[in-house]
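Chemist: Each chain, written out:
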Amino acid sequence: MTPTTTAPTPAGARTRTSVGERIVEIVSDSGEGAQKAGQTFGTVCAKLGNGVWTVEIIPAEIKPPARSRAGASGIRVRFASREVTNRGERADLVVAFNEQVLYGRIDSGAYGPGTVVLLESKWAEDPQEEIRALYAEALADLRRLGLEVFELPMERACLEVVPDARVGKNMFVVGMLCEIFGRDLDKALEEVATVFRRKGEKVVASNQELLRRGAAFAAEQVPFAWEVPAHAIEGERLVMNGNQALGLGILAAGIETVAMYPITPATSVSHYLGRALPAVGGFLHQAEDEIAAIGFAIGASWAGKTAATITSGPGLALKTEFLGLAVMAEVPLVLIDVQRGGPSTGLPTKVEQGDLLAALYGATGDAPKIVIAPATIEECFHFVVLARRLAEEFRGPVVVLTDANLATGVAPIPRPKLDPTWFAPPLDQGPWPEGVAPYDWDLATGLSPRAIPGQRGGEYVLTGLAHTRNAKVAYDPRSNQEGCEMRSRKLAALATTLVPPVPHGADSGELLVVGWGSTLGAIEEAVDDLRREGRSVASLHLRFLSPLEPGLAEIFARFEKVMTVEINYSDAPDLPGIGPENRRRAQLALLLRERLLVDVDCWSAVRGQPFGPGEIAEAVRARLGAASSDRRGAA
Amino acid sequence: MFGLPADWSLEVPERYFTLESYDGGVARWCPGCGDFAVLSAVQRICRDEQIPPEKLAMISGIGCSSRFPHYMHAYGFHGLHGRALPVACGVKARRPDLHVWVTTGDGDCCSIGAGHWLHAARYNMDMVVMVFDNSIYGLTKKQTSPTTPLGVGTNTHPDGAFLPPLDVAQTTLGFPNVSFVARTVDWNPLHLAATLEAAYRHKGTSFVHILQRCPTYTPNVFDELRQNPDHTLLLTHPDGVAADEAVRRMYKNQLEHDPSDYGGAHRLADRREKLAIGLLYRNPSAPRLDSFSIRGLDLTREQRTAALERELDRFAV
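Those protein sequence lines, which keep their order, are chains G and A. For the first sequence, position 294 (counting from the first letter as 1) is numbered 293 according to numbering that gives the first Met the number 0, and the numbering increases by one without interruption. For the second sequence, position 242 (counting from the first letter as 1) is numbered 241 according to numbering that gives the first Met the number 0, and the numbering increases by one without interruption.
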């Protein structure tokens with residue numbers, strides 16, 4: 000885990016301390032460019048061979064009032080001498096443009112004793128007495144909490160280069176960070192040129208100058224320096240966030256039509272596709288609403304190549320009826336749900352894994368569908384490719400569940416080697432074989448070939464009504480039963496092609512932590528830490544939620560206790576009035592209990608934050624303690 | 000022969016389609032339902048135009064009229080209540096070769112699917128949208144629809160609706176970028192067929208408001224119109240619906256209305272005086288979303304792959 004923080008060396012005696020990883024945050028009011036600064040610095044680190052994970056800190060409002068406690072906008076960059084898969088725990092270093100935004104971060108546990116804060120000092124001389132007072136008060140609070148604060152006149156230094164510090168501070172900070180971490184300044188200057196290329200030479204030159212000034216400023220004013228050595232990486236790397244990876248996955252899958260309606264945090268996929276999809280010959284449709292978006296995608300899929308629709312919680316709710324139709328009428332479709340906090344409008348910009356059961360069971364009647372969840376940014380790319388193929392082979396919708404954590408997390412991933420089989424095959428417009436029904440269900444698998452409009456002899460009427468294999472509306476006692484069986488059988492058939500997942504850490508032991516989606520990195524890091532403590536813990540991460548991967552019962556049987564770790568709501572077992580019979584459990588736990596008849600426990604929270612490994616380890620320790628005492632009691 | 004290459008003169012159509020080619024089985028609407036007339040008219044146009052059945056995409060929502068695709072031999076999509084238009088737009092987006100016909104009703108289009116109604120008009124993709132207006136919910140058994148006239152008792156409003164109805168054609172005319180609005184009646188098969196023919200020929204979204212009898216729930220709502228042709232105003236124009244001599248003889252009230260006259264269309268759509276039938280408005284130069292959505296269809300696999308590699312390059316470090 001995080002190596003012990005070296006106390007900053009006093010000014011004048013700067014020695015560079017080598018550490019395995021560092022967590023840096025840049026926090027500011029909205030609109031001060033902190034995110035761009037963090038992404039630029041993160042990219043430089045990735046280029047130099049560090050593992051990197053960046054997390055955006057996003058206020059819910061577009062422009063919250065300046066210097067507001069809840070309005071913190073910014074970014075966290077965790078980088079290390081190894082792969083980084085999650086946000087980590089407390090920040091080591093924070094650059095803050097005002098003192099008020101720090102409060103919100105402290106409340107969410109991002110900083111603690113030992114966190115070094117480089118704080119803009121201009122507020123100490125603000126003409127308004129009230130601001131001066133708030134600044135002094137905050138300074139005292141921060142120091143009382145054990146944070147190490149250095150007050151620095153960053154803005155004044157920027158004003159020597161640009162007339163408005165708001166548009167220059169961020170690159171100045173990148174320069175400071177480069178100096179503090181001994182980054183090759185040329186690499187950073189190159190990156191600045193790339194970032195600002197579109198804005199013209201003048202802007203590039205000015206930002207490069209700010210970067211140089213920032214580096215010089217830090218050399219003079221910051222009394223400590225760190226080094227996070229690179230690790231050996233093989234092959235070419237791409238740096239992107241999970242939503243960009245989804246977008247690229249859509250391109251690589253040969254999905255030509257994407258229909259969406261703006262919704263946070265899914266929309267940035269379409270921001271990417273708005274330019275990139277036409278570049279590869281496709282079409283992005285911004286529909287009039289969520290329902291129209293899925294209807295459009297279903298229409299496009301039915302008429303040819305599998306289309307995709309992208310949404311988030313409230314949008315999934317609206318799309319439910321159409322999703323049921325895609326199941327019933329067996330229309331291939333890729334539905335991507337970038338989950339956010341719920342229920343209802345919930346937490347639009349924050350992470351949650353709360354849509355699992357809605358995706359599985361949201362539709363009326365029995366609507367079996369494939370549900371998969373990528374666990375990393377790299378998987379966001381590959382799972383879309385997989386989803387398109389599954390949608391076509393199993394003739395129905397495939398729901399891809401990601402979340403706000405993956406959506407905004409940025410990390411380097413290996414460059415995918417494009418495979419020609421990823422692309423959707425050309426449209427089949429040959430004649431439809433005579434005598435083959437539109438739903439020519441194979442009794443063993445439920446699978447059937449699909450006629451595409453334009454295929455002579457394949458004419459049929461798709462209907463959401465109960466129908467026979469000839470696509471004829473049928474209300475007789477047998478037909479609906481048969482249709483339901485056939486659609487359900489497809490999931491069973493898919494499950495037979497899957498291989499059992501492999502536990503991380505150990506094959507057997509006292510406790511197995513089961514997770515899904517974006518929590519992979521944090522869970523595995525927690526398990527590694529716990530195992531170093533000598534705890535008998537392992538983890539298992541599921542990518543297929545419907546159908547479930549096979550072999551789970553056998554794996555679970557090798558552990559004394561199984562618990563899920565999920566970012567969705569469950570009643571903690573010790574809450575007043577909660578007992579084993581009425582305890583409402585986390586969503587995957589519910590699913591596993593139902594499917595496997597194993598007493599699967601859970602630990603979950605809905606704080607709108609991705610889990611760090613520390614809190615997971617703590618939760619596991621608590622459960623292990625309970626499990627151990629139970630055993631003692633039984634003995 | 001006559002200086003033409005010999006094989007030209009020998010060319011016979013490989014396939015010839017008759018009315019039966021489009022017959023999807025016995026239609027099961029109530030006897031006397033106006034939908035039968037529309038079905039015959041559409042099948043006749045398909046035959047006249049020799050559209051291969053596999054190139055037809057008949058899209059509908061839910062309701063009596065939305066059963067339409069089941070009675071055609073064609074590719075059909077009988078989807079969700081109110082959602083025919085988004086599906087039809089998705090179909091057309093990347094399949095310019097398909098002939099898209101949408102069947103929807105006054106409840107399907109003007110109530111539950113009203114949002115899509117406006118936007119489909121605005122997208123103006125090439126398709127025919129037939130709005131079957133029988134002024135009632137039929138399939139669910141006689142509930143008030145947005146077009147139910149005042150004074151008509153229904154199961155949800157036994158003493159009649161509280162509010163006056165909307166008119167399909169008049170409302171459609173108010174939508175931005177609308178390019179074709181016509182009105183016709185099921186009891187005049189010649190005018191019905193001529194109107195649908197004009198709609199089919201128009202490149203863009205052609206809305207056809209069809210007053211259609213429901214013999215079961217609203218048998219009398221159109222009585223006045225049917226019994227006294229003087230309540231009807233026949234719109235004529237060389238650019239409009241080609242009115243047959245028999246049609247002209249039936250209606251003594253006629254008006255030459257230039258379908259490019261948008262203001263005039265609005266005035267004529269108002270039903271308080273007379274029911275204007277024919278082409279109310281047409282704008283052949285309204286932009287069409289499908290002219291954008293088809294972009295890139297011609298890219299080769301190699302071009303796509305190269306473009307994709309360039310996309311990956313953008314993220315390289």
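Hints are computed from structural coordinates only; laboratory data are not their basis. Don't take every hint at face value.
Covered stretches of chain A, going by a simulated chain G footprint (3 or more residues, C-beta under 8 Å) [as the list claims (entries may be wrong)]:
id	stretch
1	144-154
2	187-199
3	205-216
4	252-260
Straight-line C-alpha distance at most 27 Å; calculated DSS-like pairs for lysine-lysine [to be verified]:
id	chain 1	residue 1	chain 2	residue 2
5	G	LYS471	A	LYS251
6	G	LYS198	G	LYS186
7	G	LYS121	G	LYS35
8	G	LYS416	G	LYS471
9	G	LYS416	G	LYS198
10	A	LYS202	G	LYS471
Since the structure is predicted, the reported quantities are computational estimates derived from the model, not experimental observations. We put the CB at the ideal spot given by N, CA and C, even for glycine.
Chemist: Can the restraint linking LYS416 of chain G and LYS471 of chain G be considered satisfied, given a maximum Cα separation of 27 Å?
Modeler: violated (45 Å)
Chemist: Taking a Cβ-to-Cβ distance below 8 Å as contact, does the stretch 144-154 of chain A have at least three residues touching chain G?
Modeler: violated (count 0)
Chemist: Given the hint that LYS202 of chain A pairs with LYS471 of chain G, test it: the Cα-Cα distance must not exceed 27 Å.
Modeler: The hint is violated at about 33 Å.
Chemist: Compare the distance between the alpha carbons of LYS471 of chain G and LYS251 of chain A with 27 Å, and conclude whether the hinted pair is satisfied.
Modeler: Violated, at roughly 46 Å.
Chemist: Given the hinted pair LYS198 of chain G and LYS186 of chain G, is their Cα-Cα distance within 27 Å?
Modeler: holds (19 Å)
Chemist: For the stretch 187-199 of chain A, do at least 3 residues have a Cβ located nearer than 8 Å to some Cβ of chain G?
Modeler: Violated - the stretch 187-199 of chain A has 0 residues with a Cβ nearer than 8 Å to chain G, which falls short of three.
Chemist: For a C-alpha distance cap of 27 Å, please report whether LYS416 of chain G and LYS198 of chain G respect it.
Modeler: violated (32 Å)
Chemist: With a C-beta cutoff of 8 Å, work out whether three or more residues of the stretch 252-260 of chain A approach chain G closely enough for the coverage to hold.
Modeler: Three-residue rule not met by the stretch 252-260 of chain A, so violated; n is 0.
Chemist: State whether the coverage of the stretch 205-216 of chain A by chain G holds or is violated, taking the criterion as 3 or more residues with Cβ-Cβ distances under 8 Å.
Modeler: violated (count 0)
Chemist: Please work out if LYS121 of chain G and LYS35 of chain G have their alpha carbons no farther apart than 27 Å.
Modeler: holds (23 Å)
When held up to the earlier numbered hints, the structure conflicts with 1, 2, 3, 4, 5, 8, 9 and 10 and fits the remainder.
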